[in-house]
Amino acid sequence: MLEKLISEKQTAILDRWFNLILETYPSDASQFLKNERDRFKNPVGYTLATEIKTIFQGLLQETITEKLHESLMNIIKIQSVQDFFPSEAITFIFLLKKAIREELQLGNQSNGISLELPEFESKIDILAGLAFDKYMESREKIFEVRINEIKARSSRLIERLNLISEKRQNNDSTNSNT
175 MLEKLISEKQ TAILDRWFNL ILETYPSDAS QFLKNERDRF KNPVGYTLAT
225 EIKTIFQGLL QETITEKLHE SLMNIIKIQS VQDFFPSEAI TFIFLLKKAI
275 REELQLGNQS NGISLELPEF ESKIDILAGL AFDKYMESRE KIFEVRINEI
325 KARSSRLIER LNLISEKRQN NDSTNSNT
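For the sequence shown, the tail end lands on 352 under my numbering, and the numbers increase by one without skipping.
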């Protein structure tokens, strides 16, 4: 019954979820992400809007699909390069709970829908754990890239210093021979 109602209100829930996610950004960035619809001018907003839809539809299925994993990773990659703290990076998952409650106008009702809600929300909690794992994987890759770049720069610097040192030694030996 709950999942049927959620499916029926999918557009409103997705709009609310998207707006809640945008509220986590500074106001000027939030306005840009919300208003600019061109995927090339606003790849972050476009990715958020399209991937939360896939995530939402995936949660309505019984199992977490590869497509849901992929969509989750696409958002997490954005969050990880924006230097969000882990808790901030996965907040967007928990905001779905709020969007559902607000759009279905679920308070402390004791009807059948409210009784089904904890089971559905547990899927969201599982997804949040998965999002955290994906965030940490992504951050690890970013740090590996940074470390490799530092190593490469250091190596080039050492090579240059060695060349300078060799030139000086050659100049010194040439000067001492004359």
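Worth flagging that the hints you see were computed from the coordinates, not collected in a lab.
Among the hints, erroneous ones may be present.
[Unchecked claim] Derived DSS-like pairs: lysine-lysine, alpha-carbon spacing no greater than 25 Å straight-line:
no., residue 1, residue 2
1, LYS272, LYS315
2, LYS227, LYS271
3, LYS272, LYS241
4, LYS183, LYS215
5, LYS297, LYS241
6, LYS251, LYS241
7, LYS208, LYS271
8, LYS178, LYS251
9, LYS227, LYS251
10, LYS178, LYS241
11, LYS183, LYS315
12, LYS251, LYS341
13, LYS251, LYS183
The model shown is predicted, which means the values in this text are computed figures rather than measured ones.
Against the structure, the hints come out as follows:
A distance of roughly 31 Å separates the Cα atoms of LYS272 and LYS315; the hinted pair therefore is violated under the 25 Å criterion. Using a Cα cut-off of 25 Å, the hinted pair LYS227 and LYS271 holds, with the two alpha carbons roughly 14 Å apart. Between LYS272 and LYS241 the alpha-carbon distance is near 24 Å, which keeps this suggested pair within the 25 Å criterion. At roughly 29 Å between alpha-carbon atoms, LYS183 and LYS215 are farther apart than 25 Å, so this suggested pair is violated.
Taking the CA atoms of LYS297 and LYS241, the gap is near 16 Å; set against the 25 Å cutoff, the hint holds. With a C-alpha separation of about 15 Å, the suggested pair LYS251 and LYS241 falls inside the 25 Å cut-off, and the hint holds. Restraint check: the Cα-Cα separation between LYS208 and LYS271 comes to about 21 Å, which is no more than 25 Å; the hinted pair holds. Note on LYS178 and LYS251: the hinted pairing is violated, with a Cα-Cα distance of about 31 Å set against a maximum of 25 Å.
Restraint check: the Cα-Cα separation between LYS227 and LYS251 comes to about 17 Å, which is no more than 25 Å; the hinted pair holds. Our distance criterion of 25 Å between C-alpha atoms is met by LYS178 and LYS241, whose separation comes to about 21 Å. Proximity of LYS183 to LYS315 is assessed by CA-CA distance (about 38 Å); at most 25 Å being required, the pair is judged violated. Under the criterion of a C-alpha separation no larger than 25 Å, the hint pairing LYS251 with LYS341 is inconsistent with the structure, at around 46 Å.
In summary, the hint linking LYS251 to LYS183 is not supported, as the alpha carbons are separated by about 28 Å, beyond the 25 Å threshold.
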